[in-house]
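Visitor: The residues making up each chain are set out below.
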Amino acid sequence: MITEAVAEREHYLNASYGIKSWLLTKDHKRIALLYLHTITFFFFLGGIFATLIRLELLTPKGTLVSADTYSKLFTLHGVIMIFFFLIPSIPATLGNFFLPMMIGAKDLAFPRINLLSWYLLVIGGCFAMYAMLAGGVDTGWTFYVPYSSNYSNTYVIATGLGIFIAGFSSILTGLNFIVTVHRMRAPGMTWFRLPLFVWSNYATALIQVLGTPVIAITLVLLICERTLHIGIFDPSRGGDPVLFQHLFWFYSHPAVYIMVLPALGVISELVSVFSKKPVFGYKVVAFSSVAIAVLGFLVWGHHMFVSGQSVYAGLVFSFLSYFVAIPSAIKVFNWTATLHGGSISYATPMLYAFGFIGLFTVGGLTGLFVACLGVDVHVHDTYFVVAHFHYIMVGGTIMAYLGGLHYWWPKMSGRMYPEGWAKLSALVIYLGFNLTFFPQFILGYLGMPRRYWNYPDEFQVLHVMSTAGASVLAVGYLMPLIYFMWSLRYGPIAGPNPWGATGLEWRTTSPPPAHNFEETPIVTTEAYDYAALAAMEETKVG
Amino acid sequence: MKEHVDSIQTYTLVFLSLLFLTAATTVVATIDLGAFNVVMALFIAVVKMLLVALFFMHLRHSTILTKVVVGGGMLWLAILLVLSLSDFVTRGWLPVPGK
Amino acid sequence: MDSHTETPELQEQFETPAQQKEISTLGMWIFLVTEIMFFGGLFLAYAIYRREFAGVFGLASNTLDVVIGAVNTAVLLCSSYTMVLAVRAAQIGSRKALIVFLILTILLGGVFLGVKAYEWNQKFEEHHVPGPTFHLEGTTQQGPAQLFFSLYFTMTGLHALHMVVGEGLMLFLLWSAYKGKYSPTYYTPVDVGGLYWHFVDIVWIFLFPLLYLIARHQH
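Protein chains in written order, with this note's numbering: chain A, 1 to 542; chain B, 1001 to 1099; chain C, 2001 to 2219.
The reader is advised that the hints may include incorrect statements.
What the hints assert, rightly or not - Derived lysine-lysine pairs resembling PhoX-like cross-links, with alpha carbons at most 20 Å apart:
{"hint": "1", "chain 1": "C", "residue 1": "K2181", "chain 2": "C", "residue 2": "K2116"}
{"hint": "2", "chain 1": "A", "residue 1": "K26", "chain 2": "A", "residue 2": "K106"}
{"hint": "3", "chain 1": "C", "residue 1": "K2181", "chain 2": "C", "residue 2": "K2021"}
{"hint": "4", "chain 1": "B", "residue 1": "K1067", "chain 2": "C", "residue 2": "K2021"}
{"hint": "5", "chain 1": "A", "residue 1": "K106", "chain 2": "C", "residue 2": "K2179"}
{"hint": "6", "chain 1": "C", "residue 1": "K2021", "chain 2": "C", "residue 2": "K2123"}
Source of the hints: derived by calculation from the structure; they are not laboratory data.
All chains should be built: construct the whole structure from the sequences, respecting the hints.
Guide: Here's what the structure looks like:
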């Protein structure tokens, strides 16, 4: 029984005070909170650009901004959301906070490098913000040459440098996670007793380490091309613009798995705890994370079907792209099997998990549409693709992120969020999301190109629906911002395990002590062993 | 700490081999072997790399995990090179105009 | 019995010095894998363009001095030799030998960089630096010829940058060794620094034949 009040007991938040204790911290939990602030800022900044885009698209002709400015809006939206929000999001916040706890470790393998990772994200973000404020960048987040290298008059280099630096943040986080999971598990914590959230972050870390360096060199080459005209992508010198696309997508396709794999891990946790059942087919789900990471590196050419790439390569990439859908589908089937016969609770995190499963499935199935070379020739660069990836990234990743945030909030803060408001905002987000993005599938299929600032009159109805949805979505996202902050002072105090979850992070106090565990845990039970948890609770009470 | 301390003789032997291979690759390059020149050059470079990695970087005494990490890196480089080159090498293979 | 009080270099999150060493070297190896992928992009560009412009690349490559290139390769291999002997000295606790070998490594690295600077200057004087003053005799394909030199400068430049960082690392190790910070129970930074140095050497092991030894048989 918990008799000590939160304020009296020492934990990671009150163990030391002052700005230096935060800016020079080595505690992975504090670093996770530093990241939480940073990515939340970038999320809302990216959201502002999304709002401006959707406002402009209310009318068929230009209204708010010029065509050039519109190009800057979608570029900045993409760059900020991808590199400064989605890529760090779950690993750097929830992963940083909970991965060491879940494996029974005191911290990550390299705590100072973890802090450096955060600083690199912030510094990279400063470069990107400078570019944004100085005049923006208009190349699209994909920076295709020769426009970005030879013709654009915007801040390509500053933005590129910002992404380059943020890339090292990602690499170092990945490196840290790999070493930690391999070498710092507590006694008895074998690989197949790990929570699936750990498996997902581990697989993500593999991608971060293997893929990110390639976009780093790509940006270096782009900057050299732009400043020194080295000719490497310049046809007049014998260079090939398609080489840029190969180098860019070699990272950027696996990058989408960096963005979604941790989310898949969160969902595995939520589905289990809120149906009070172990995840069905644990080993298969664990291996599917690694399979996604590996297969994700073999399919990048499906972004290049109409680029001038050889047809033979297109066929190979299209063929391989179907395979990467399989492990994702396996997860969805296994979650469904987990739910079957479970004792389902409809707490807010579970609502997000349900939302995720449906929306991720739609996103994944439409991914098969675009993997088909023949179909993609028609829908490439249309709103069909835009809808597809937003279903995954927003309907998928952001939902999982919010679900995880709600789930682990009591552990991180020692407070519960207000359940009523949380359920309401989950519903608002779900409805707003579908109203925003479902019409975009139709728009794309009818031929509406992406990155266009004006469009034929007959598309207006669908665009108005989409913008209406976006405004609902915006409200939905603002609500958690408000009530999470409210809960820090007024939320009910949370105990160590409000959800009745397994997992080592629930065995310590909320918030946890600075060094995570009073003594190193010794693990004797399998993952998601609710029976053992119940038995343990009984012996404690008795 | 139980650790392998390699002898100076071992290191010297490896070093001399590396020098020899450097000379060898330079000399072989002056002989016309056609397309095989590149193969020879890369082969010798790979042997030199293995000598440095296994002996100087102590890879032969390292854990299996370390060896898997290095192998993984080589494999991923191969994926980058082979799959990208598969585009450039196959351009014009299929009877589709412009492809 | 607390390992942390006996060995102050042991960081909080590790249980034993052996664990710290093993984990630190694993971390460095993973970092080197990221470097493989980083340089890999340049090797891809090189492979694509050499395949397409084999003749011009051969012509351009022949303007590089193969003797200087080979000797520089030998210099770098020497520095790897002195580096591994430095690690060995740390392993057996010979502080003096460690210092001597680190100094030799730094000097040899400096020679390599000096020779590189000389080579680059040669290229500048021969108008082989891509730009408005570029001209390579013997071919009408000036564009692809410039591509060769773009790749030459980018690849050797990136390599040289890594060498400079390596020199900085070595100087740090030298200073720490001088201060007596390393012993047979704790020489992890020397080990890890050595791994980095050898890796940069391996990159050059590939750069030399790929850049200097194209079509040398035509003489």
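Visitor: Which hint numbers doesn't this structure obey?
Guide: Hints 1, 5 and 6 are the ones this structure does not satisfy, whereas the remaining hints hold.
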